[in-house]
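Protein chains: 2
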Amino acid sequence: MVDAVHVGSVAVVDRAGRLLYAAGNPWVDVPTRSALKPFQAMPLVAAGALERFGFTAAETALLCASHSGEERHVAAAAALLAKAGNGVDDLCCGSHVPYRYEATGLPPPPPPYSPLAHNCSGKHAGMLAWCVHCGAPKAGYLDFDHPLQRAIRRSVAHFTGVAEDGMAWGIDGCSAPNYAVPLAALARAFARLAGDDDDPEYGAAPARLRAAMIAHPEMVSGEGRSDLALVRAGRGDWVAKVGAEGVQAIGISSRGWGIAIKVADGAARGLLPATVAALDALGLLDDTRRAALAPWREPLVRNTRGIVTGTVRPVLVLDKKTTPDTQFRGATAEWGRA
Amino acid sequence: MVDAVHVGSVAVVDRAGRLLYAAGNPWVDVPTRSALKPFQAMPLVAAGALERFGFTAAETALLCASHSGEERHVAAAAALLAKAGNGVDDLCCGSHVPYRYEATGLPPPPPPYSPLAHNCSGKHAGMLAWCVHCGAPKAGYLDFDHPLQRAIRRSVAHFTGVAEDGMAWGIDGCSAPNYAVPLAALARAFARLAGDDDDPEYGAAPARLRAAMIAHPEMVSGEGRSDLALVRAGRGDWVAKVGAEGVQAIGISSRGWGIAIKVADGAARGLLPATVAALDALGLLDDTRRAALAPWREPLVRNTRGIVTGTVRPVLVLDKKTTPDTQFRGATAEWGRA
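So the sequences go chain by chain: S and Y. Each residue of the first sequence is one higher than the one before, starting from 1 at the first, in my numbering. Each residue of the second sequence is one higher than the one before, starting from 1 at the first, in my numbering.
It should be emphasised that the hints constitute simulated quantities derived from the structure, not laboratory data. Any given hint could turn out to be false.
With the Cβ distance kept under 8 Å, some of the chain S side facing chain Y (calculated, not the full set) [claimed, not checked]:
(1) His-6
(2) Pro-110
(3) Ser-114
(4) Pro-299
Here the structure is a predicted model, which is why all the values come from computation and not from measurement. Positions of the beta carbon are idealized from the N, C-alpha and C atoms, including for glycine.
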C-alpha cells in the first residue's frame with residue numbers, strides 16, 4: 001500500500017544563480033522560513049557586532065540556528081543577550097515545546113517553556129544585539145518597517161538576487177517578517193554563503209557565518225536532527241539549514257553550488273529523503289557520507305507497537321540543464337552575472 | 001506567501017457504487033486505515049455478540065472508534081474486554097500518547113500510556129470478543145490468516161465491492177491488517193453503512209453500528225475532534241470516520257450517498273477543509289451546519305506567540321458525473337448493481 005506521496009522541487013545553482021540541475025519547478029516561490037537565518041544575521045556580522053560584543057563562534061552559530069533548546073543552546077542564547085546588554089524579556093519570539101524532546105523521543109516537561117529554548121532565540125538575540133549596536137530602538141524590532149528589518153531585507157535581496165519589492169512576505173513562526181523567493185534564488189544565496197571570497201557589500205560576513213555554522217553544527221541544529229547529520233557528513237564542505245514547511249538549503253563550497261529543496265505540502269517526512277537523494281544524484285556522496293545519511297534517506301515507519309510497517313522512499317529525477325537558465329520575475333540586474 | 005499545497009481526491013457514490021461526483025482521481029487506491037473500523041466490527045455484530053456480551057450502544061460505538069483515550073473511552077474499552085472475559089494483557093495494539101492531549105492543547109503526562117487509551121482499543125477489544133464468541137484462539141488474532149482477519153476481509157470485500165484478492169494490504173498503526181481500496185469503493189461502503197435496509201449477508205449489523213456511531217459520536221472520536229463535530233453537525237443523518245494519512249469517509253443516510261476523501265500527502269491539515277468544502281458543494285450544509293463547521297473549513301494558523309499568521313483554505317472543484325461510472329480493477333460482480 002502507498003499511504004502518501006509528497007511532491008516537491010529541487011534547484012541547484014552556481015554563485016551567479018545559473019540553474020545547473022533541477023527537479024519539479026525550480027522557480028516556484030518558496031517562503032524561506034528558517035533557511036533565511038544566515039541572511040537575517042548578515043547585517044549584524046557585517047556591522048562588526050561580533051567583535052564589539054565578543055560573541056564566540058558557538059554563539060555566532062546560534063544566530064543562524066533552529067536549535068533544540070538543549071542546555072548549551074539556552075546558555076548561548078542567554079550569553080548573546082547578556083553580552084549586548086539585553087534580557088530574556090526583550091525576546092518577542094514566544095515559546096514552544098523545545099525540539100530536543102521530539103528529536104530524542106523523550107516526553108517533554110509540562111509548560112511553560114522559556115523563550116530562550118525557542119528554536120529561534122539565537123536569531124532574536126542577534127536582532128536585539130543589532131538594535132543596540134546600531135542605536136535603533138529595541139521596541140518593535142520585528143516590525144516590517146523597523147530599521148533592522150529593512151537592513152535584513154537588503155541582505156536577503158542582495159544574496160538571493162531578488163528585488164526587495166519582488167518578494168512576497170509574511171509573519172514567521174517566531175513573529176519575524178519572512179520572505180518568499182524562487183527556489184533557485186534561495187539556492188543562490190547558499191551558493192554565496194558557501195564561497196570564500198569577500199562579498200562586495202557584506203565583506204567577510206558570509207564566510208564568518210559559514211565557518212561558525214560548520215564549526216558548530218550542534219549549535220545550529222541539535223542532537224538527533226538532520227542539519228547536524230548533514231553538516232557532519234559534509235566534513236567542512238557543506239553548510240545546511242532546514243526551514244519549516246519542507247524547506248532545505250545547502251551550500252557546497254568545493255563546487256560553488258547552492259542547493260534548495262521544497263516539499264510542496266510542507267511535510268518534513270518527504271524532505272530529508274529527497275535531500276539525500278539529491279546529494280547522491282549530484283555525486284556528492286562517498287561511501288562514508290552515504291552510510292551516515294542512509295537513515296535519513298529511507299527512514300523506517302514504525303507503528304504504536306514498534307513494528308516496522310513501512311518505509312519512506314525518495315523518487316528523484318534531477319535534470320541537468322545544458323543551457324543554464326537565469327530568468328525569473330523580480331530578479332535584480334545582478335542575477336546571472338558571473 | 002503560500003507555504004504549502006495539499007492535493008487530494010473526492011469520490012461521492014450511491015449504494016450501488018455509481019460515481020455521482022468526483023474531484024481528483026476517485027479511483028485512486030487508498031489505504032483505508034481507521035475508516036475501515038465499522039467494517040472490521042461488522043463480523044462481531046452480525047454474529048450476535050452484542051447481545052451475548054451485553055455491549056451497550058456507547059460500547060458498540062467504541063468498536064468503531066479512533067478515540068481520544070478520555071476517561072469514558074478507557075472505561076468503555078475495559079468494559080468491552082471484561083464482558084467478553086478478556087483482559088488488558090490480551091490487547092496487541094501497543095500504546096501511544098492519547099489523542100485527548102493534542103485535541104485539547106493540554107500537555108501529556110509522562111509515559112507509559114495504557115493500551116486502553118490507544119485510539120484503537122475498542123476495535124481490538126471487539127476483535128478479542130469475536131474470538132471468544134466464535135471459539136477462535138485469541139493468540140495471533142492480528143495474523144493475516146487468523147479466522148477473525150479472514151472474516152474481516154470478507155466484510156471489507158462485501159461492503160466495498162472489491163474482490164478480496166484485489167485489495168493491497170499492510171499493517172496498520174495498531175498492528176491489525178489493513179486494506180487499500182479505490183476511493184470510490186470506500187465511499188460505497190459508507191453509503192451502505194448509511195442505509196436502513198437489512199444487508200443480505202450482515203442483516204441489521206450496518207444499521208446497528210451506524211445507530212451507535214451517531215448516538216455516541218463522543219465515543220467514536222473525542223472532545224475537540226473533527227468526527228465529533230461532523231456527526232453532531234449531521235444531526236442524525238451523517239455517519240463519519242476519519243483515518244490516518246488524510247482519509248475521511250462519510251455516509252449520508254438521507255441521500256443514500258457515501259463520500260470518501262483522501263489527501264494525497266496524508267496531511268490532516270488539508271483534510272477537514274476539503275471535507276467541509278465538499279459537503280457544501282454537495283448542498284448538504286444549511287446555515288447551522290455551515291456555522292458549526294466553519295472553524296474546520298478555514299482554520300487559522302497561529303505561531304509560537306499566538307499570533308494569527310495565516311489560514312488554510314480549501315480549493316475544491318467537484319465534477320458532477322452525468323454518466324455514472326462503476327468501473328475499476330478488482331471490482332466484484334456486485335459492484336454497480338443497483
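Status of the Pro-299 (chain S) interface restraint (C-beta, 8 Å, chain Y): At 15 Å from the nearest chain Y Cβ, Pro-299 (chain S) fails the 8 Å test, so the hint is violated.
Interface restraint verdict for His-6 (chain S) against chain Y (beta-carbon cut-off 8 Å): At 5 Å from the nearest chain Y Cβ, His-6 (chain S) passes the 8 Å test, so the hint holds.
Residue hint Ser-114 (chain S), partner chain Y, criterion CB-CB below 8 Å: Not OK, violated: Ser-114 (chain S) not within 8 Å of chain Y, min 12 Å.
Interface restraint verdict for Pro-110 (chain S) against chain Y (beta-carbon cut-off 8 Å): holds (5 Å)
Taken one by one, the earlier hints fail for this structure at numbers 3, 4, listed in ascending order.
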